[in-house]
Amino acid sequence: MSFTFTDDQRQLADSVARYLADKYGFDARNRIRNGEGGWSREVWAEFADLGWLALPIAEEHGGLGGSTVDLALMMEAFGKALVVEPFIATIVLGAETVARADPARATEMLPSVAAGEHLLALAHSEPTSRYDLDRVATMATESDEGWILDGSKAVVLHGDCADTLIVSARTGGRDDEREGVSLFVVPGDAEGLKKRAYPTIDGMRGADIELDGVRVGSDALLGPLGGAVEIVEAVVDRACVALAAEAVGAMAATVDLTTEYLKTRTQFGKPLGSFQVLQHRAVEMLSETQFAHALCYRTAGLMDTSSGIERARAASAVKAEVGRAGKTVGEEAIQLHGGMGMTDEMAVGHYFKRLRLIDVTFGNAGHHLSRFVQLG
Amino acid sequence: MDVVLSPEEEAFRQEVRDFLKDRLPADIAEKTDSGFRISKDDHVRWQKILHEKGWIAPNWPVEHGGPGWTPMQKHIFDEECALAGAPMVIPFGVAMVAPVIMKFGNDAQKARFLPRILSSDDWWCQGYSEPGSGSDLASLRTKAVPDGDHYVVNGQKTWTTLAQHADWMFTLVRTSDTGKRQEGITFLLIDMKSPGISVHPITTLDGSAEINSVFLEDVRVPVENRIGEEGKGWTYAKYLLGHERTTIAAVGRSKAQLRKLKGIAKVELSGGRPIIEDPDYARRLAQIEIDLLSLESLVLRTLYAESEGRPVGAEPSFLKIKGTQIQQGLTDLLMEAIGPYAAPYQPEAFREEGWNQEPVGPDYGPALAPLYFNWRKASIYGGSNEIQKNILAKMVLGL
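Protein chains in written order, with numbering that gives the first Met the number 0: chain A, 0 to 375; chain B, 0 to 398.
Hints were generated in silico from the structure; no laboratory data involved. Don't take every hint at face value.
As the list claims (entries may be wrong) - In silico lysine to any residue, SDA-like type, Cα no more than 20 Å apart, as pairs:
1) B:Lys-261 x A:Val-372
2) A:Lys-262 x B:Ile-390
3) B:Lys-265 x B:Arg-282
Build the full structure now, drawing on both the sequences and the hints.
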């Protein structure tokens, strides 16, 4: 065992952190999220140039073949900077789904994704499925030319801007059956596809999507017929680790901001940080962050070699942990900032919102605790 | 980042497992497993077996009789011992006073004390806390006054764990009342057979008698039993505290306890079903299991920092707080698992010498409520969890 980062990994983390410190400060980030589309195509192109979009993609699919630990290091830095670009939607979810479902298609599709020229989104969850990955009601009906898709997809991350949507739909089975769900490659501007786009409360973008008789060719089927749930589960397990790393970054930044505030804000003639009741609460926040960090990287280290229940249980453990810890750290940070914590102008509230939204993405702490129990 | 054991580490684990299977006395393992108190004889018997193998002192340098293990090997060893039901090695000699003697003692002290610690021929206890000095240890008042080539010691030590078995006690005593109070403290080794020492048990709320008051009345201690310089005792004591690094987390012990808990929760019924299937109970159990995974992850990270020679920093304080919360959470779930059978008080059912009658309720029952009550100590001893937070606020956050 070697619970430590390689030199390459340290360099990667340093270079991402340096770039973001330089180009993606809190003010710059706010300009970007308030600008057209809610994120920056210029920044995205730079991510591509720096090789960050290619890093998690396999070499045979035009990427750099980075590990989950590499991905986590990037996500941690993104969490510290509150990056709003569609990295999770396109790379962590979209590219990974294509790669797992259909390696041949990935060789075709992913080089342009790695180059930053093509955006993806995973349209899987539905208005009543909440966090159940096997609950899919959207229907795919076979036609002469291919497939006709009908149904609704809920809170599709960066579904508003995706050039291509990966849509899950039933080709067989009941609404809550594991078997019978298939994946389809659907152009973002397909006829019959209605997007209701919105900003999310944490500064990202999302869309609810209606599929009303969307016709796609027979080549739109991605991966094995009826075998999508297993693929999506694997993608989401890894995404949980990526989100955990992002949360760990956001938690660390939140602790730093709070500590700084406690040192500088004075009341009763002394810095807030001199009050023991506040010191202990700040230490709790730091402790949550330390343990979440250690668990996150240990899980990331396991992801590339484990599968099945082992992988699922590890992913649920870390997602449950950062969901709970992130909420605690965020809520405490607002309280320790007092009235200032309630203002939009302070960064701390933005970290808090991201932490809470990470929790409700792909299963909150309660959901993953239950899953951890069931898999036990 | 490589988070699984290497083939060499796996081989070491197997070697430890084989040794334990071969040499850990079955009667001792059974006592540990069923929550019986372990007698002095049992402790010493097991520790002598470890000594014979050369494994009694994982933290000692090789020249003094340590096995020369990496931090990871020590961790594996601790975990395997706990899972096999080996009693904890009593830390006061081998893990606590010995490093201080090695670092600050003179050659005569090393020659006199270290071999008998290694062989478990001397049983040590720790004389730090006093009735008026708990978290504020530097306020201690037990006085040592020089008299020729002796100190005359008067005062009272308290919470002295297993002092009733002890041959020796390492103590902090006051040799000066002027200047900074930390600078008036001296580190003395006291023979427990000295005239003027009396040991009185303190019964704890679970009914056990593992801690004591130690009274010192005109106890004559040869100056040659002083460690280092007069007035430097506080520095030596701090070195000792920094020495217990990752073992404080007790990951192996909690893993063994978790395994035991799951076994009990599978047979105890609630609503006609095993309580482990009760959603509320199962989720609390799962939360502790995840906490334990987090704890183990930070322990592993710390072990690597240590093996790479990087400073460990404040991690032990994080580990102490989280580790004790987990230990207490496990004892809570253990007590709850037996429901109303937490009530019958049957200390004879788990006393050192054994008991050949049927207990009221399940066999594993009588020890569980006392365990829960006893284990509240964990967040108080070794620097209370609040003191750990003070340390972290100062050292890490700079508050």
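Do the hints match the structure? See the list:
1. B:Lys-261 x A:Val-372: Measuring from Cα to Cα gives roughly 12 Å; hence the hint holds.
2. A:Lys-262 x B:Ile-390: Within the cut-off at roughly 16 Å; holds.
3. B:Lys-265 x B:Arg-282: Judged against 20 Å, a Cα distance of about 14 Å means the pair holds.
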